[in-house]
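Undergrad: Chains as they are written, first to last, in the numbering used here: chain A, 1 to 348; chain B, 1 to 348.
No lab work stands behind these hints, which were simulated from the structure alone.
Even for Gly, the Cβ is constructed at its ideal location relative to N, Cα and C.
Hints should not be assumed to be uniformly reliable.
Said to hold, decoys possible - Here are the simulated DSSO-like cross-link-like pairs (lysine-lysine), alpha carbons at most 30 angstroms apart as the crow flies:
1) Lys-229(A) <-> Lys-179(A)
2) Lys-58(A) <-> Lys-92(A)
3) Lys-62(A) <-> Lys-270(A)
4) Lys-229(A) <-> Lys-318(A)
5) Lys-105(A) <-> Lys-105(B)
6) Lys-318(A) <-> Lys-296(B)
7) Lys-341(A) <-> Lys-229(A)
8) Lys-296(A) <-> Lys-318(B)
9) Lys-296(A) <-> Lys-296(B)
10) Lys-58(B) <-> Lys-70(B)
11) Lys-229(B) <-> Lys-105(B)
12) Lys-229(A) <-> Lys-58(A)
To be verified - Restraint ranges, calculated between C-beta atoms of paired labels, are given here:
13) Gly-109(B) <-> Pro-23(A): 31 to 41 angstroms
14) Arg-34(B) <-> Gly-109(A): 35 to 45 angstroms
15) Ala-116(A) <-> Ser-294(B): 34 to 44 angstroms
16) Gly-109(A) <-> Val-111(B): 20 to 30 angstroms
17) Lys-105(B) <-> Pro-23(A): 37 to 47 angstroms
18) Ser-298(A) <-> Lys-296(B): 17 to 27 angstroms
19) Gly-197(B) <-> Ser-279(A): 25 to 35 angstroms
20) Arg-90(B) <-> Ser-140(A): 45 to 55 angstroms
This is what each chain is made of:
Number of protein chains: 2
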Amino acid sequence: MSVQIEDSEVDIVIAALHPNLTPFLEAWRPFFSRFHIIVVKDPELDSDLQIAPGFDLKIYTKSDIEAVAKSSSINFSGHSCRYFGYLVSRKKYVISIDQDSLPAKDPSGLVTDAVAQHITNLATPATPFFFNTLYDPFRSGADFVRGYPFSMRCGVPCVLSCGLWLNVADYDALTQSVKPNERNTRYVDAVMTVPVGAMMPASGINIAFDRLALGPALLPGVHFTGEGKRRWETLEDIWSGLCAKVVSDHLGFGVKTGLPYVHREGDGTKPHGSLNKESEKVKLLDDALPFFQSVKISRNATSAVDCVAELSGMVREKLGAVSPVFASAANAMDEWVNLWKSVGAQAE
Amino acid sequence: MSVQIEDSEVDIVIAALHPNLTPFLEAWRPFFSRFHIIVVKDPELDSDLQIAPGFDLKIYTKSDIEAVAKSSSINFSGHSCRYFGYLVSRKKYVISIDQDSLPAKDPSGLVTDAVAQHITNLATPATPFFFNTLYDPFRSGADFVRGYPFSMRCGVPCVLSCGLWLNVADYDALTQSVKPNERNTRYVDAVMTVPVGAMMPASGINIAFDRLALGPALLPGVHFTGEGKRRWETLEDIWSGLCAKVVSDHLGFGVKTGLPYVHREGDGTKPHGSLNKESEKVKLLDDALPFFQSVKISRNATSAVDCVAELSGMVREKLGAVSPVFASAANAMDEWVNLWKSVGAQAE
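All chains, please: the whole structure from these sequences, using the hints.
TA: The following block contains the structure:
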C-alpha cells in the first residue's frame, strides 16, 4: 500500500517575505539539497533576494505572477505568494516551510529531517475511517491496536501532511498577546490521521501534500486587506486547510498531523498591532465553521478541481451574505480553479 | 470549565484473574493508597486472593455477583468481572487497570502517576468538535492553535479517559502471533480528544470514566464462550468502547486517549491457542463497525442509561441476525440496563 516517492517528484516551495534567504537555506541544506526548490518572492517585497549558492532553485517574482494571473483578483502577497508556487510546480508532491522556521532537534538532541518525515507521511497510508490509539500503525515498531477492523487496515492514500512547531507555537494574535513568552518545548513523537469528518486548523507553516491529488484545494481564498505578512494575522492557510480537509474527506483520502517538527523563531515582532482586526476574524471563523462541518460535495465531483469549483458556489450561497470576506473568497476560489485548469494541471 | 475531583469521589476497580494481587498492589501503592479500591474476583477463580495490607479495599466474589445478578445471563467471568465493580461502585469516577500492568516510566526514567493523569484528563474539558493540532489545549504550556474557533474553546466535559501501554502493546491474537517479540517502547507525551463521530477501539486495560455520566455505557455485552481470561481473546472492551463512544457523542461529551501509560507485562502466555476462533472475531468486528458508525440515538435519550436501552434494541434489530454473538450482546445490554437502574444508579 505504501508508495515510493522519488526525489525528482518533489518540489520544495518557499515564500520569500524577507530578502535574505541565505541563513534559512544554509540551515536546511542537508535536507533540501537533493530537491528542486521553488522560491516565490512576495510581490510587495522590493529588495533583491539573497540566495545561498548550490541549490537547484527557481525564483518567481511579481512579474511572473502578473504574467500568469494578470486577469485575476487573487491576492498573492505576503504568505499567500506560496500558492503561486503550488500553481507553477510541475511535481507530484510539494513541501512548503516558512522562512522563519529551521530544522528542529528531537529530545535526544539530534537534528530531524522534516523533508524525509513529510515524504514518509505521504508515502504511507492514512487511516481516516477508524481511530488507531497506537498512532501511526505504519511506523516501525507500531501496528494496529486490538479491535481495529481488519477490513480497514490497508488504509487510504495520504494527501496532506501537516507538521508542527517547536519554540514559537502557531497561536493567533490574541493568544500570542496573552502568552508572549510561552514556548512550545514538548516534542510529541507521533503522527496520526485526522478522522474523516473532523475539521482542523491546518497551518501553512510546515506542510506537504500530493499536488496531483489535492493541489487545487490548497488555495488562496481568504486574504485581509493590508495583512498577510505575519502568521498571526493570516487566516489564508486556515481557510485553505478547511477546504483541503473537506475535499480530502469527499475523495476518500487521508490527512495526517504530528511529525515533523520545525524550530520556529517567529519574526520577532509582537502581535499588538494586529489585534485591531482580530475580533472580526474571531467572528468570521465561528461563522464559517458550521458551513465546513456540514457541507456535502456531490458525487459528480470526482477530482479536487471539481470539488473546489463546487465548494466555491456553496461558499457564495451560504456565506456570501455573512461577510464580504467570504464573497471574495468564493470569487478567488473560482479564479483559482480556472488558473489551476490552465496552469496548475500541467505536470512533468 | 475544569472540575475539581476529590479523592473520595474515585473508585479504583481491579479485576482479579490471578490470586496473588500483592505485587500489583505494592507497585501501585504510592498512587492507589489514597483511594477506595474495589477488587472483583473472577467468579471462575477458585484459589483465595492474596492482598497486600494497608489499603481501603473491598472484595467482591462469585457469591456477591450471584446475589445481585442472579437472574441475569450476563457473563461476568474473566476480564468481564470488572463490570460488576463498575455496577456496585458508589463513586462518581472509576479508574480500572489490569492486573498485569504496573506503573510506567517516562522517557526521563521517572515513574508516572497514571491515577493522577486519568483524574486530570477527566477534570479538564474535552474538545470533540474541532481538532487541536497542538494536542490537549488545557495542558500547561499548550493552548488552542491559530484557527481554532473561539466559540469552541470552552470544550465539553470529558467522560472517558483511555490510557495506553508500554512494553507489551495491546494487539489482537493474530498481530501478537506475527510479532511475538515486538515491544512498544515509544512514549508519546500527549493526550487528545477523539473527534465526535470517529469510532475507536477503547481497550479496557487502563481506563477511567465518569460513572455518573457514562457508567451504564461501560457494559458487558460481547463474551465468547470459554474465553475472556486473556486480552487478545476478548472483544468485551472493544464492544463496550464502541457503545461508550456512540453514547458520549450523542450526549455531547468527550473521550480522550493518550496518557497515562502503564507498563504492561502481559500474562506470559502465547496467543497461538487463541487463534482458532480469531477469524470469527475478525469478521464480527467488520460486521459491527458500519452499525456503530451510522447508528443514530433518538433525542428522547438524554442519559447514558436511556441511550444503552435504545442501542440494545438497534443492535438486536440490525445485527441480531448476523451472528448469535450480537443477539446475546443485545440481551446482555438489556439486562445490564435493568441491573444499572436497580443497583448501579445508587450513589453516595
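Undergrad: Holds or violated: Lys-229(B) and Lys-105(B), Cα atoms, limit 30 angstroms.
TA: holds, 27 angstroms
Undergrad: Could one say that the CB atoms of Ala-116(A) and Ser-294(B) fall in the range 34 to 44 angstroms?
TA: holds, 39 angstroms
Undergrad: Taking the CB of Arg-34(B) and the CB of Gly-109(A), does the distance hold inside 35 to 45 angstroms?
TA: holds, 38 angstroms
Undergrad: For Lys-296(A) and Lys-296(B), compute the direct alpha-carbon distance and say whether it is at most 30 angstroms.
TA: Status holds; Cα separation ~19 angstroms.
Undergrad: For the pair supplied as a hint, Lys-341(A) and Lys-229(A), is the alpha-carbon distance within the 30 angstroms limit?
TA: holds, 28 angstroms
Undergrad: CA of Lys-62(A) to CA of Lys-270(A), is that 30 angstroms or under?
TA: Cα-Cα ~28 angstroms, so holds.
Undergrad: Does the Cβ pair Ser-298(A), Lys-296(B) satisfy 17 to 27 angstroms?
TA: holds, 23 angstroms
Undergrad: Please verify whether Lys-58(B) and Lys-70(B) have alpha carbons no more than 30 angstroms apart.
TA: holds, 20 angstroms
Undergrad: Would you mind confirming whether the straight-line C-alpha gap from Lys-229(A) to Lys-179(A) stays at or under 30 angstroms?
TA: Within the cut-off at roughly 21 angstroms; holds.
Undergrad: Is it true that Gly-197(B) and Ser-279(A) lie within 25 to 35 angstroms of each other by Cβ?
TA: holds, 31 angstroms
Undergrad: What's the verdict on Lys-296(A) and Lys-318(B), does the C-alpha distance respect the 30 angstroms limit or exceed it?
TA: With a Cα-Cα distance of about 27 angstroms, the restraint between Lys-296(A) and Lys-318(B) holds, given a limit of 30 angstroms.
Undergrad: Would the pair Lys-229(A) and Lys-58(A) pass a check requiring their Cα atoms to be no farther apart than 30 angstroms?
TA: Holds, at about 22 angstroms.
No hint from the list above goes unmet by this structure.
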